[in-house]
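With the hints as extra help, turn the sequences into a complete structure.
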Amino acid sequence: MSYSEKTIEQARKIKAIIFDVDGVLTDGGIVYDNAGMEFKRFNVKDGQIIKYLKRAEIYTAVITGRDSLVVRNRCEELKIDKHYHGIKNKLETYQKLKEKWQLTDEQIAYVGDDINDLPVLVRCGLSCTPSDGHYKVKEHVDLVLKSKGGEGVLRELADLVLEAQNRYEDIIKELI
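No gaps in the numbering here: position 29 of the sequence shown is 29 in UniProt numbering, and each next residue is one more.
Hint data in this document are derived by calculation from the structure and do not stem from the laboratory.
Source: prediction; values computed, not measured.
Some hints could be false.
Simulated crosslink set (DSBU-like; lysine-lysine; CA at most 30 Å straight-line) [what the hints assert, rightly or not]:
1) Lys54 x Lys15
2) Lys136 x Lys15
3) Lys136 x Lys13
4) Lys88 x Lys146
5) Lys96 x Lys15
6) Lys6 x Lys100
7) Lys45 x Lys6
8) Lys45 x Lys138
9) Lys138 x Lys40
10) Lys96 x Lys13
11) Lys148 x Lys54
Simulated DEER-style distance windows between Cβ atoms [what the hints assert, rightly or not]:
12) Asn34 x Asn73: 15 to 25 Å
13) Thr104 x Lys54: 37 to 47 Å
14) Lys88 x Asp170: 23 to 33 Å
15) Arg72 x Gly29: 12 to 22 Å
Each residue gets a CB set at the ideal place from its N, CA and C atoms; glycine is no exception.
Here it is as structure tokens:
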């Protein structure tokens, strides 16, 4: 996929990627069985790239409005640096993370799919939404990703950032 020079320049500055879960890491569906157990489907490509972001010294964080044990377990499994669940004010959490990591807005990419993500999306350095994100969100982001929610959204953004920062060659050398 080709990106504008502006988008590549924004991606070069990124030191943290923060993302929502439902509609980003998942397709937004929630499945319950008869016992009330919750199930979600995650794309392994999103999980795979987290370790490479860490090696490139790029922080990762989740800010999600729902509080789900399934999501907590996935965040722990992936060793996401920080994850916040049941958050009503995503901007407040974003600001705290920014201060904790001593970053500027320009150094943070954020992926969200719905209007509750807008307060962060309009402030961060590289704002993104999945291709099936809410139409009002699409009006306010820097980049509408090719992937739909749950189909490798985080991977697509991470690939862009790692490529823009010339980090992929090191990753490949390490693997072969």
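Going down the list of hints, with the structure as the test:
For the proposed pair Lys54 and Lys15, the alpha carbon gap of about 10 Å is at most 30 Å, so the pair holds. A distance of roughly 27 Å separates the Cα atoms of Lys136 and Lys15; the hinted pair therefore holds under the 30 Å criterion. Restraint check for Lys136 and Lys13: satisfied, since their Cα atoms lie roughly 26 Å apart, inside the 30 Å limit. A threshold of 30 Å between alpha carbons decides the hint, and for Lys88 with Lys146 the separation of about 28 Å falls inside it, so the pair holds.
Pair hint Lys96 plus Lys15 holds up; C-alpha atoms about 15 Å apart against a cutoff of 30 Å. Under the criterion of a C-alpha separation no larger than 30 Å, the hint pairing Lys6 with Lys100 is consistent with the structure, at around 27 Å. For a cut-off of 30 Å, the pair hint linking Lys45 to Lys6 stands: about 26 Å separates their Cα positions. Distance hint between Lys45 and Lys138 is fulfilled; the C-alpha atoms sit about 23 Å from each other, no more than 30 Å.
Under the criterion of a C-alpha separation no larger than 30 Å, the hint pairing Lys138 with Lys40 is consistent with the structure, at around 25 Å. As the CA atoms of Lys96 and Lys13 are separated by approximately 20 Å, the hinted pair is consistent with the 30 Å bound. Of the pairs offered as hints, the one joining Lys148 and Lys54 holds, with about 24 Å between alpha carbons and a cut-off of 30 Å not exceeded. The hinted window of 15 to 25 Å between Asn34 and Asn73 holds, with their beta carbons roughly 21 Å apart.
Between Thr104 and Lys54 the CB atoms are about 21 Å apart, so this pair departs from the stated range of 37 to 47 Å. Under the hint 23 to 33 Å, the C-beta atoms of Lys88 and Asp170, about 39 Å apart, miss the expected range. For Arg72 and Gly29, the Cβ-Cβ distance of about 18 Å falls inside the hinted range of 12 to 22 Å, so the restraint holds.
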